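> Given chain B's structure and the hints, the job is docking chains S, R and D onto it.
4 protein chains.
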Amino acid sequence: MSDTAEVSFVGPYVSSQRVHWDQLDLLGVLHNSAYPVLFERARTGFWRAIGLGGYGDEKMDWPYLVARNEVNYRAPIKSEQDVEVSVWIAKLGGSSLTFAHEVRRADRTVAADGQTVIVRIDADTQRPTRWSSGFREMLAPYIKA
Amino acid sequence: MSDTAEVSFVGPYVSSQRVHWDQLDLLGVLHNSAYPVLFERARTGFWRAIGLGGYGDEKMDWPYLVARNEVNYRAPIKSEQDVEVSVWIAKLGGSSLTFAHEVRRADRTVAADGQTVIVRIDADTQRPTRWSSGFREMLAPYIKA
Amino acid sequence: MSDTAEVSFVGPYVSSQRVHWDQLDLLGVLHNSAYPVLFERARTGFWRAIGLGGYGDEKMDWPYLVARNEVNYRAPIKSEQDVEVSVWIAKLGGSSLTFAHEVRRADRTVAADGQTVIVRIDADTQRPTRWSSGFREMLAPYIKA
Amino acid sequence: MSDTAEVSFVGPYVSSQRVHWDQLDLLGVLHNSAYPVLFERARTGFWRAIGLGGYGDEKMDWPYLVARNEVNYRAPIKSEQDVEVSVWIAKLGGSSLTFAHEVRRADRTVAADGQTVIVRIDADTQRPTRWSSGFREMLAPYIKA
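Chains as they are written, first to last, in numbering that gives the first Met the number 0: chain B, 0 to 144; chain S, 0 to 144; chain R, 0 to 144; chain D, 0 to 144.
For reference, chain B alone in the conformation it holds in the complex:
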């Protein structure tokens, strides 16, 4: 499939991200609200990795909205470090797309896992609308078995 011919990953896409000192809170841990940002930045990396150019890219079935976030906090991140954030497609619905994420600390411990659901909307009506067949084909290789 030409669109993904040069994609270099098999299985989940993994985003390497830096947790900085200034993101640690008064208790010395990465704040709970930072995880949806880690998730989203990993998805941005995923879109780029499969050849999509960003918001407004025609192949991206833009616009879409974030409809739901779930985060399970497993172990605290207690210092500045590089973390890995994985991206799977857990489910591709008619107009929704569920991503599954896992955040691993530098010591490989799972710090958190969770899901983000996005929904394609029609720019005019702001109502959910179906993903295009091109978009579905493009994502098919990345749906978790």
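For the record, the hints were derived by calculation from the structure and aren't laboratory data. One thing to keep in mind: the hints can contain errors.
[As the list claims (entries may be wrong)] Have a look at the derived ranges for each label pair, beta carbon to beta carbon:
1. D/E57 - R/D56: 50 to 56 Å
2. D/W20 - S/T108: 25 to 31 Å
3. B/K77 - D/L91: 30 to 36 Å
4. D/V109 - B/T108: 37 to 43 Å
5. S/L91 - R/Q125: 55 to 61 Å
6. S/D123 - R/R17: 32 to 38 Å
7. D/T108 - B/K143: 37 to 43 Å
8. B/V109 - D/Q80: 29 to 35 Å
9. D/G10 - R/G133: 48 to 54 Å
10. S/S131 - D/S15: 47 to 53 Å
11. D/W20 - R/R17: 26 to 32 Å
12. B/P140 - R/D81: 51 to 57 Å
13. D/G133 - R/N71: 26 to 32 Å
14. R/D56 - B/G10: 47 to 53 Å
[To be verified] Computed cross-link-like contacts, PhoX-like style, restricted to lysine-lysine with a CA-CA straight-line distance of at most 25 Å:
15. B/K58 - D/K77
16. S/K58 - S/K143
17. B/K143 - B/K58
18. B/K77 - D/K58
19. R/K77 - S/K58
20. R/K77 - B/K77
21. B/K143 - B/K90
Because the structure is a prediction, the values reported are computed rather than measured. The C-beta atom is built at its ideal place from N, Cα and C for all residues, glycine as well.
Chains S, R and D in isolation, oriented as in the chain B frame:
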């Protein structure tokens, strides 16, 4: 019950919070990661409203951790405005506590709802430990029927 | 002057703002990067207080850019609290406007002071352009003697 | 000098940092308050590059406070991109240290420059105290001529 004698709310606690211009993202909406912060600030207001003095307050069964966050995004917040964030106790478990939250825009539309689960831990072992009976009594009036 | 007839402050405009627990950093103080946000939110309050409706308001000589920020940190903010952020106009130049700010902790200690310079630009050329005479008149009462 | 024998840079230290989509504001530019964070993260990289291990490292003359920040905004950062943030020592005073910074966009344009002044304090009295001779020697090679 003396601890709560002066509490002035019935039903959910409601926190009024300002969404500032600088919190709107490139798409002109409050970013999805801002909602767990709205939830947490509302819980801080709730603790104060029932007479707890903050982190380290002996009556608070401190320390606890955020174990899970769920946010369902219902309608975007598209301008600076005062929003209302409600706090219910949805469930009081042995060592966990589930809060339910709802964010209402200035026009009263529900922007998001969700839940945050916190878990009491033992400061030494970092393992879950049961809430004290005093803490349970203190929270009983606020558990959603 | 009709535009400012109902303005209810004399001397600097003072913005009351909440510093939240989640804004305290690992050292237990409000992070240095939070102060330019306090300054900007105070200016937003100032614009509203003199009757301007926000970005895009015709009377506001929009667009303008932030050209410079200066912050002198005087005393740390070490807990969640209400702070006061004052807004003076220190200088009204041809195409620039210098605001002076002071942040006071709940105990009235000055936590920081500083300045923000904004510059009006032409939307097409993105080059500095002169403030209109209407804008100058509107601001005249608030220039620090 | 053994402490710096393995340091691999001459002239300013340069920190490569990612500006993420979620950091762009409603106007489509990196918000003015993000620059002090870029500056600080670059300094953290500088400390590491000269062999200091972080907050609490004995050689670091910890604790110190940020006393002043100055940022001149030169050109907006309008998309997610890698930026370079340089670190010079502009002045090493008795108890203060002035860093000069420059932020370059991916296209090499200077987005901002500025300075951050830090001051060593005595942990007990919280008053300024002189840098140690060891700290001075360690920094000497990096002072801008």
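> None of the hints should be skipped; say for each whether it holds.
Evaluated hints:
no., hint, result
1, D/E57 - R/D56: 50 to 56 Å, "holds (55 Å)"
2, D/W20 - S/T108: 25 to 31 Å, "holds (26 Å)"
3, B/K77 - D/L91: 30 to 36 Å, "holds (32 Å)"
4, D/V109 - B/T108: 37 to 43 Å, "holds (41 Å)"
5, S/L91 - R/Q125: 55 to 61 Å, "holds (57 Å)"
6, S/D123 - R/R17: 32 to 38 Å, "holds (34 Å)"
7, D/T108 - B/K143: 37 to 43 Å, "holds (42 Å)"
8, B/V109 - D/Q80: 29 to 35 Å, "holds (30 Å)"
9, D/G10 - R/G133: 48 to 54 Å, "holds (49 Å)"
10, S/S131 - D/S15: 47 to 53 Å, "holds (50 Å)"
11, D/W20 - R/R17: 26 to 32 Å, "holds (28 Å)"
12, B/P140 - R/D81: 51 to 57 Å, "holds (53 Å)"
13, D/G133 - R/N71: 26 to 32 Å, "holds (29 Å)"
14, R/D56 - B/G10: 47 to 53 Å, "holds (52 Å)"
15, B/K58 - D/K77, "holds (22 Å)"
16, S/K58 - S/K143, "holds (21 Å)"
17, B/K143 - B/K58, "holds (21 Å)"
18, B/K77 - D/K58, "holds (22 Å)"
19, R/K77 - S/K58, "holds (22 Å)"
20, R/K77 - B/K77, "holds (21 Å)"
21, B/K143 - B/K90, "holds (8 Å)"
When held up to the earlier numbered hints, the structure conflicts with none and fits them all.
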